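Kindly generate the complete structure, drawing on both the sequences and the hints.
From first to last, the protein sequence lines stand for chains A and B. Heads up: the first sequence begins at 1 in this note's numbering, then just goes up one per residue. Heads up: the second sequence begins at 1 in this note's numbering, then just goes up one per residue.
The set of hints was computed from the structure by calculation and includes no laboratory data. In this text the structure is predicted, and so the values were computed from the model without any measurement. Treat the hints with care, as some may be off.
The list that follows gives simulated cross-link-like pairs (lysine to aspartate or glutamate, EDC-like), each with its CA atoms no further than 20 Å apart [as the list claims (entries may be wrong)]:
no.	chain 1	residue 1	chain 2	residue 2
1	A	K122	B	D13
2	B	K167	A	E26
3	B	K163	A	E26
4	A	K25	B	E161
5	A	K25	B	E164
6	A	K25	B	E173
7	B	K10	A	E119
8	A	K25	B	E160
9	B	K163	B	E173
10	A	K25	B	D169
11	B	K10	A	E115
Chain B side only, calculated, beta carbon under 7 Å to chain A, not exhaustive [as the list claims (entries may be wrong)]:
no.	residue
12	H95
13	G117
14	M118
15	I119
16	V124
17	P140
18	E173
19	Y204
20	T259
Ideal Cβ positions, reconstructed from N, Cα and C, are used throughout, including at glycine.
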Amino acid sequence: MLGTEAAVPAPIKERKKPLWLRMWKERWLYIFMLPGLAFFVIYKYVPMWGIIMAFQKYQPHAGLFGSEWVGLRHFERFFSEPEFWRLLRNTLYIAVLDLTIFFPLTIVLALMLNELRIELFKRTLQTLVYIPHFLSWVVVVGISYILLTTEGGIINELLVMFGGEKVQFLMSEGWFRPLIILQMIWKDAGWGTIIFLAALAGVNPSLYEAARIDGANRWRLLWHITLPGIRSVIVILLILRLGSFIDLGFEQIFLMVNALNREVGEVFDTYVYYVGMQQGQFSYSAAVGLFKSVVGLVLVITANWLAKKLGEEGVY
Amino acid sequence: MTKSTGLGSKIFDGVNITLLVLFSLMSFLPFLYVVVSSFSTSSSVMPSGFSVEAYRYIFSASTFTKSLQVSIFITVVGTAFQLVMTSLMAYSLSHRQLPGRNAVLLMVLFTMLFSGGMIPTYFVVKATGLLDSLAALIIPSAISAFNLIILKNFFQSIPEELKESAKIDGSHELGILFRIVLPLSLPAMATFALFYAVGIWNQYFNAILYLNDAAKYPVQVILRQVIILTSGSIGDTTEIENMTYYGNSIKMAVIVIATVPIMIVYPFLQKHFAKGVMLGSVKG
Numbered sequence: 001m002l003g004t005e006a007a008v009p010a011p012i013k014e015r016k017k018p019l020w021l022r023m024w025k026e027r028w029l030y031i032f033m034l035p036g037l038a039f040f041v042i043y044k045y046v047p048m049w050g051i052i053m054a055f056q057k058y059q060p061h062a063g064l065f066g067s068e069w070v071g072l073r074h075f076e077r078f079f080s081e082p083e084f085w086r087l088l089r090n091t092l093y094i095a096v097l098d099l100t101i102f103f104p105l106t107i108v109l110a111l112m113l114n115e116l117r118i119e120l121f122k123r124t125l126q127t128l129v130y131i132p133h134f135l136s137w138v139v140v141v142g143i144s145y146i147l148l149t150t151e152g153g154i155i156n157e158l159l160v161m162f163g164g165e166k167v168q169f170l171m172s173e174g175w176f177r178p179l180i181i182l183q184m185i186w187k188d189a190g191w192g193t194i195i196f197l198a199a200l201a202g203v204n205p206s207l208y209e210a211a212r213i214d215g216a217n218r219w220r221l222l223w224h225i226t227l228p229g230i231r232s233v234i235v236i237l238l239i240l241r242l243g244s245f246i247d248l249g250f251e252q253i254f255l256m257v258n259a260l261n262r263e264v265g266e267v268f269d270t271y272v273y274y275v276g277m278q279q280g281q282f283s284y285s286a287a288v289g290l291f292k293s294v295v296g297l298v299l300v301i302t303a304n305w306l307a308k309k310l311g312e313e314g315v316y
Numbered sequence: 001m002t003k004s005t006g007l008g009s010k011i012f013d014g015v016n017i018t019l020l021v022l023f024s025l026m027s028f029l030p031f032l033y034v035v036v037s038s039f040s041t042s043s044s045v046m047p048s049g050f051s052v053e054a055y056r057y058i059f060s061a062s063t064f065t066k067s068l069q070v071s072i073f074i075t076v077v078g079t080a081f082q083l084v085m086t087s088l089m090a091y092s093l094s095h096r097q098l099p100g101r102n103a104v105l106l107m108v109l110f111t112m113l114f115s116g117g118m119i120p121t122y123f124v125v126k127a128t129g130l131l132d133s134l135a136a137l138i139i140p141s142a143i144s145a146f147n148l149i150i151l152k153n154f155f156q157s158i159p160e161e162l163k164e165s166a167k168i169d170g171s172h173e174l175g176i177l178f179r180i181v182l183p184l185s186l187p188a189m190a191t192f193a194l195f196y197a198v199g200i201w202n203q204y205f206n207a208i209l210y211l212n213d214a215a216k217y218p219v220q221v222i223l224r225q226v227i228i229l230t231s232g233s234i235g236d237t238t239e240i241e242n243m244t245y246y247g248n249s250i251k252m253a254v255i256v257i258a259t260v261p262i263m264i265v266y267p268f269l270q271k272h273f274a275k276g277v278m279l280g281s282v283k284g
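If you want it as structure tokens, here you go:
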């Protein structure tokens, strides 16, 4: 019976090759990775390490090693300034408008586009609503200025023509937030539908068939099949949006803020720029920036944890 | 999608289509107004007449033509640079067996959640000698972590057999990347090229943060000066005194010129991202 003995293969001991050998084999891949890795280290991780300047009295000529340590002094100063509450209020206000108006609107818009039956018509509308996303904030704010200015802007001319009075849209506190959210919607609501539309295309058609046989109308289909079908995508995008919760629309706000609406328009990022870059208070503004980043991080982690608790997938 | 023809369904369609058409019109009417007004000879808000005087004026202003050259230069060079950086790293990370891959991925993902912020980043840009150079508008944003992850996932979805067969034929990793992987990824690459190009062309804040020399300003900075800070003058010509009534047309013309390059590439690339390159990419 020696023959059968030989036919049974000995258990193959699949020993992994030593690490250095596997790495050597892939040396080209490491070389490909190197430029990108260097980029992330230098321009993303070195600045994170540079955050320690928030705990120093940073002098550019002395550098991070030579500057004096001051502990939490900058944070104590920031939290005790009236500025802090103003910035927090303004930032939260705009962020909440974003989450309660802009975000749901993108979902509604996607659902509406999804209900169109003529493919060509749908594609044409999609092409049109994506366009503003590719315009710069300077252009969007510029167009707003041209349309809304009191000196020959078409909106104010029309208001006067119909017997109204001119409105200082660009120079008033009351109009600042509505304008910000309107610009966001105009620029990005159409673009925001892209991922939802892709998800909607993946909803199983047989579910609709079955529900229709049960006599469901279109509202019911929408409510019981379409929406649940994209729920996990909604949750993921919501978490991602929370991640940028407090550095939303910096360029936009920076361009829209002026002396007359600063009270409601100034947010953490614009404050960091004015205090840090224009007044040269580097350490203090880095501390403000760090506070903002930490709040952002905590928000994402909390939202992700919450999503998992509620039985969704989460982002990570 | 439903084929029921009840009254409720018809009303549903009617309302839906009306609202969507209104929204789409709103999406491009303001821009159309700007384009039409840029050719207007009238100083009133309703455009009338036709003249290219505003364009002749802005192209005679060297501040503007110079900034246009800067923008075109950084967009072309920057897009190529960012695409190469992103695809090399994405290709490398698309190999699941690569030791250390997960650590690098984690490192990339973390930058999406947390950043050093404006001030520390400014000092790094300064320390690496990029301040006041056009490279400051390209290199510090060389790779978008989000694009990198999507492209990595895309490379992973290319069948392993294709790469293996090239390897057996004696192809080098570089050969596999250029002869197999990249040609198969053209739609995705086109999409990322568009995203990067639009990102560079449209950037404004980095320019005022990192550049002091006004001669290096890209077109967005000049655009802002023309529209928001002043009323229609570009600053280096005295002609403007006699042309106040073109003031508005000049602003409009500057907006048009600053947007035209995007409008030209958009239709060519639109079909690619509409295909749903983004699907399945939301998760890392």
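How the hints compare with the structure:
1. A:K122 - B:D13: holds (13 Å)
2. B:K167 - A:E26: holds (13 Å)
3. B:K163 - A:E26: holds (14 Å)
4. A:K25 - B:E161: Status holds; Cα separation ~19 Å.
5. A:K25 - B:E164: holds (15 Å)
6. A:K25 - B:E173: Judged against 20 Å, a Cα distance of about 11 Å means the pair holds.
7. B:K10 - A:E119: holds (18 Å)
8. A:K25 - B:E160: holds (17 Å)
9. B:K163 - B:E173: holds (9 Å)
10. A:K25 - B:D169: holds (17 Å)
11. B:K10 - A:E115: Holds, because 12 Å separates the two Cα atoms, which is no more than 20 Å.
12. H95: Because about 6 Å separates H95 of chain B from the closest Cβ in chain A, which is inside the 7 Å limit, the hint holds.
13. G117: With a minimum Cβ separation of about 3 Å from chain A (threshold 7 Å), the hint on G117 of chain B holds.
14. M118: holds (5 Å)
15. I119: With Cβ-Cβ at 4 Å, under 7 Å, it holds.
16. V124: holds (5 Å)
17. P140: Since the shortest Cβ distance to chain A is 5 Å, the answer is holds.
18. E173: This hint holds: E173 of chain B lies near chain A, its Cβ roughly 4 Å from the closest one there, short of 7 Å.
19. Y204: holds (5 Å)
20. T259: With Cβ-Cβ at 6 Å, under 7 Å, it holds.
Of the hints listed earlier, there is not a single one the structure fails to meet.
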